[in-house]
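Take any residue in the sequence shown, note its place counting from 1, add 1, and you have its number in this note's numbering.
In case anyone wonders, no lab produced these hints; they're calculated from the structure.
Warning: the hint list may mix true and false statements.
Stated by the list, open to error - Simulated crosslink set (EDC-like; lysine to aspartate or glutamate; CA at most 16 Å straight-line):
# : residue 1 : residue 2
1 : K157      : D143
2 : K91       : E122
3 : K91       : D75
4 : K91       : E81
5 : K25       : E8
6 : K154      : E131
7 : K78       : E8
8 : K25       : D15
9 : K55       : D15
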Amino acid sequence: MDIRQLEILLAMLDSPTLTQAAEKLQLSPAAVSLQLRAISSELKADLFVRVGKKLRPTPAALRLAEHARMIVADMRKVKEEFENDPVKDKRPFHFATGATTLIYRLGRPLRLLRKQYPQLELHVTVAATEEIVAGLFRQEFDLGLISLPVAQKNLKIIFLFEEEFMLLRPTNNRSREHRGGSIQPKNFKMFPFCFIQNKATCAPSLIDSSMS
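Construct all of the structure, not just a fragment, from the sequences and the given hints.
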């Protein structure tokens, strides 16, 4: 017994006559009848009995149909999953990001994503970088947008953009002029209460759960 024979059985149960079932399957009535007899012979059970001019399903046919519907549905899901068509992909996608990035940078990209892939079941989680990285290792997220640096290894990282680091400090200059300037990271140590990372910039990056 194969998946095609189960589809033939279901088409027969859902059609008023064998001829109409054959038309739906694009087969001849003789071919449909042959496949039904093959199933009946394999299971050693009658699937249909003739009542007047019609074929009536037996309890065995109805019981087999319950299994057949689940098997056919599962096979269709498998085909859809490996069809590699993102427009039809209905699998849930879990994305994690920080609150600030979500509010100020991801509004338009997410709207475009929804428009391009209307079937996509997107789940967005707002979390800190440490929680996002931990969630990726636990396979809770498919993709995360974080701020570097991170200590964990074995992450596939794609750099997106850099953000400026702004430092505010008191000045001894009593001038009313308001001027801005730049400073090198190595010079940060002259200011008290300022913790310095390896870089003066924060580089948000995409990381996914496929470890390299």
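Evaluation of the provided hints:
1. The hinted pair formed by K157 and D143 meets the criterion: a straight-line CA distance of about 12 Å does not exceed 16 Å.
2. Taking the CA atoms of K91 and E122, the gap is about 6 Å. The hint holds against a cut of 16 Å.
3. Between K91 and D75 the alpha-carbon distance is near 14 Å, which keeps this suggested pair within the 16 Å criterion.
4. For the given pair, K91 sits about 9 Å from E81 by alpha-carbon distance, which is consistent with the 16 Å threshold.
5. Restraint check for K25 and E8: the C-alpha separation of about 11 Å stays at or below 16 Å, so the hint holds.
6. The suggested pairing of K154 with E131 holds, with an alpha-carbon distance near 13 Å, which does not exceed 16 Å.
7. Using a Cα cut-off of 16 Å, the hinted pair K78 and E8 holds, with the two alpha carbons roughly 15 Å apart.
8. Between K25 and D15, the direct Cα distance comes to roughly 10 Å. Compliance with the 16 Å bound is thereby established for this hinted pair.
9. Pair hint K55 plus D15 holds up; C-alpha atoms about 13 Å apart against a cutoff of 16 Å.
The structure agrees with every numbered hint stated previously.
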